[in-house]
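Asker: Okay, here's what each chain looks like letter by letter:
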Amino acid sequence: MGARSAFSADSQTMLDRTPSGTRDVLPDEMRELRALMDRIRAVFESAGYGEVSTPALEYERTFARESARVSSPYRLFDEHGNVLVLRSDMTVPIARMVGSRYPSAPTPLRFSYFAHSYRGVRPQRGQSREILQAGVELIGAPGPEGTVEALTVLCDALDAAGLENFRVGVGDVTLYPALLESLGVERDSRELILAELATGDFVGVEHELSRLPLDEEDAQLLLRVPRIRGGADVLQGLNGPLQQAGAGMRTLLNLLEPRTAERIIFDFGLMPSLGYYTGAVFQIYDPAYGMPIGGGGRYDDLLGDFGRPLPAAGFGLDVERLHIALRAEERGRV
Amino acid sequence: MSEAHRAQGLRIAVPRGALFEGTLDLLERLGIDTLQVRENDRKLLFEESGIITMRPSDVPTYVEAGAADLGITGKDVLMEQAEREVYELADLGYGRCLMVVASEAGEDPASDALRRLGVVRIATKYPRIASQHFLSTGRQAEIVEVKGSVELAPLTGLVDAIVDLTATGTTLRENNLVIREEISVCTARLIANPVADKLKADAIDALVTRIAN
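As they're listed, the protein sequences go chains A and B.
So for the first sequence, the numbering used here puts the first residue at -9; every next one is plus one.
So for the second sequence, the numbering used here puts the first residue at 134; every next one is plus one.
I should point out that these hints are in silico values taken from the structure, not numbers from a laboratory.
Any given hint could be a false lead.
Covered stretches of chain B (chain A as the covering partner; in silico rule of three or more C-beta atoms under 8 Å from a C-beta of chain A) [said to hold, decoys possible]: (1) 196 to 204; (2) 291 to 300.
For the chain B half of the interface with chain A, some residues (derived, Cβ under 10 Å), not all of them [to be verified]: (3) 157; (4) 177; (5) 178; (6) 208; (7) 211.
Computed from a predicted model, the values in this text were never measured in an experiment.
Yeah, the Cβ is synthetic: ideal placement off N, Cα and C, and Gly gets one too.
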């Protein structure tokens, strides 16, 4: 079976492609993905996370709640004129499901999923519109214990997947905004600085800070904090406005089993793009792959929007990126 | 070759072209051996020093994918490829250029076109920067993307003005073009792959600290 050019003169019919950013999965790859997901599923199940499935389509209003606002680029009308969206993540649908199907069930509730979510793509970048994610949501377990459980399941799942060199970056979304506020930075300036930080433009952060009437010492602190990242040693000797954040991360570290603790990198500059996180946030890295393999964190306000105000935490792994990283690690070993 | 000469195991994407010499001088100052790179015009990958060389506009591509841990390129490239997920760690100061709007000397054909036709035609190698600049200043522009010498476009009547990068303004002057607006100052920047920035934090911080001092 040779590859035939779609442009060849003898092609009888125009070949239909899948929409850009989507693709077919053929048996060899599917077998590997299936085996990978089975290994992860076994970890989720043994930790008590029952698998759920929710519809790919949701009402638009579900994704437009106060603390959610996860935009989906795919909107359509049903036969009654309702606006539907293709889900852009799994956390919001599960929050919706808990509010409607578990209005009074005892907590904590534990769910897992293996499902596609849909994102917009920038042209010509080879990005996926359809992302296969494996993840869990732990609902009704506050931090730090709930955060510790989510991190433990995450690392156990990656171990079971066979990924060897991964690390999990742990930050706190409230840390840097609170630091800016405590040093008297006005709201408009805070938003400009946080926007530069979200795109990883540290030169831009420095530029914005230089325009503010700050003490030299405070300006240096604000420049230094988002660059603090590393093992437990970065939590040593934190004082002043960082003392509380450092103490929170140390508490987390002390509650983790050694096998999980050794995977953690503390990252004071971690700023995920999803808007519903309220505290600890995670991002998963592997040296064999240039982009994060997944992420997660605490979202203590989201469930309240769906009628069950409960603290919660979870994570999602990008299964295809994980597969690429596994292959890259494997090829690096031979 | 000792580890000290390898920038602590980091792979660095170095731009050929206008920023090449300045970048090699900087790396030399940081203790990275650049002799081989200077002596080899055609070779692209230098394993011993951790340097890979490429066009400036390819640097963000390699760094975003993690094929290089760090890279050096112009702010013009980063502005044009703003969607790249790379960290911008330091303004290196050298390679200073201006991104400008320029048109033929005499009465500005661009403002004449805007007044009488409502839209100005702009040739550029930087379509994103150009359209953003005209959009943010409330003017309608039709962007014509060219790959080669932009200066030719207004002289032949293809466009009313150009958006281009200029260091000294000599090429503009030689083609009877004058600077009408300055869009931004562009210098060389140090960028990093976000995953490498977390996993090789110590090596990257050591390098950035030495650059700053």
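Asker: Taking the hints in turn, state whether each one holds.
Answerer: Now the hints, each set against the structure:
no.	hint	result
1	196 to 204	holds (count 4)
2	291 to 300	violated (count 0)
3	157	violated (22 Å)
4	177	violated (19 Å)
5	178	violated (17 Å)
6	208	holds (8 Å)
7	211	holds (9 Å)
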